[in-house]
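Counting from 1 along the sequence shown, just add 16 to a position and that's the residue number in the numbering used here.
Hints are computed from structural coordinates only; laboratory data are not their basis.
Taking CB as the label site, the calculated pair distances span:
{"#": "1", "residue 1": "Asp84", "residue 2": "Ser186", "range": "15 to 21 Å"}
{"#": "2", "residue 1": "Ile160", "residue 2": "Lys66", "range": "35 to 41 Å"}
{"#": "3", "residue 1": "Arg128", "residue 2": "Asp48", "range": "45 to 51 Å"}
Note that CB positions come from ideal geometry on N, CA and C, so glycine has one too.
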Amino acid sequence: MSAVSIRRFRLPLAALLLAMLGGCLSLIKEPDPITTYSLRPETAQDERWKSADWSLTVIRPNTNAFLDTNRIAVRPTPNVLQVYKGANWADTLPDLVQTALVEDFENSGRIRTVARQNSGVPAEVALLLDIRQFEAVYTPGARIPQASIRIHAKLLQYPGNRVIAIRTFSADVPAAGKHVPEVVRALEQGLAAVNGEIIGWTLANGHGKAK
17 MSAVSIRRFR
27 LPLAALLLAM
37 LGGCLSLIKE
47 PDPITTYSLR
57 PETAQDERWK
67 SADWSLTVIR
77 PNTNAFLDTN
87 RIAVRPTPNV
97 LQVYKGANWA
107 DTLPDLVQTA
117 LVEDFENSGR
127 IRTVARQNSG
137 VPAEVALLLD
147 IRQFEAVYTP
157 GARIPQASIR
167 IHAKLLQYPG
177 NRVIAIRTFS
187 ADVPAAGKHV
197 PEVVRALEQG
207 LAAVNGEIIG
217 WTLANGHGKA
227 K
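I would like the entire structure built from these sequences, with the hints used as guidance.
What follows is the structure, given as structure tokens:
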């Protein structure tokens with residue numbers, strides 16, 4: 017075969033390979049866009065809240081492995097737990113809840129000092145939280161979910177770890193619709209309600225710390 021013939025053969029082959037490569041690249045699906053949501057609960061101030069002359073540390077909340085992520089949970093049926101596609105929290109759920117509660121305590125102006133665990137700030141009382149439910153829930157027959165939140169709390173006296181008080185807080189807030197932004201807003205409203213109750217309860221019962 018002459019050199020001219022070889023060159024003529026190579027050119028169509030190269031074009032064919034480029035066409036095949038382009039076809040393969042077109043089959044690679046682009047990842048779905050992810051929308052990131054923060055939690056900024058608008059917790060109302062309550063005139064009945066007591067003032068505290070002691071310091072508080074808020075421990076990072078415990079929860080199950082499914083909720084200890086940055087995914088937004090939804091329960092379409094009673095025994096099925098899923099996450100919303102294309103939507104994430106800005107941080108893991110326990111960290112978001114801890115941050116929101118610390119900020120709400122600070123904004124209340126009713127406590128001497130509040131800080132996160134391991135912040136280096138000495139504390140006389142510790143607040144332990146267990147997030148047992150934080151999800152959108154479709155009740156049987158419902159077309160629009162409700163935001164359901166359950167948080168179990170313990171107050172401990174430092175440094176002896178004596179239990180001062182125990183209580184479970186909950187909120188169920190109907191979402192305005194089934195879309196993720198509407199669900200996130202309902203979860204924010206539910207967290208605001210729960211945080212308000214936790215703050216009032218903590219300020220009232222923290223006075224029971226040992227002298």
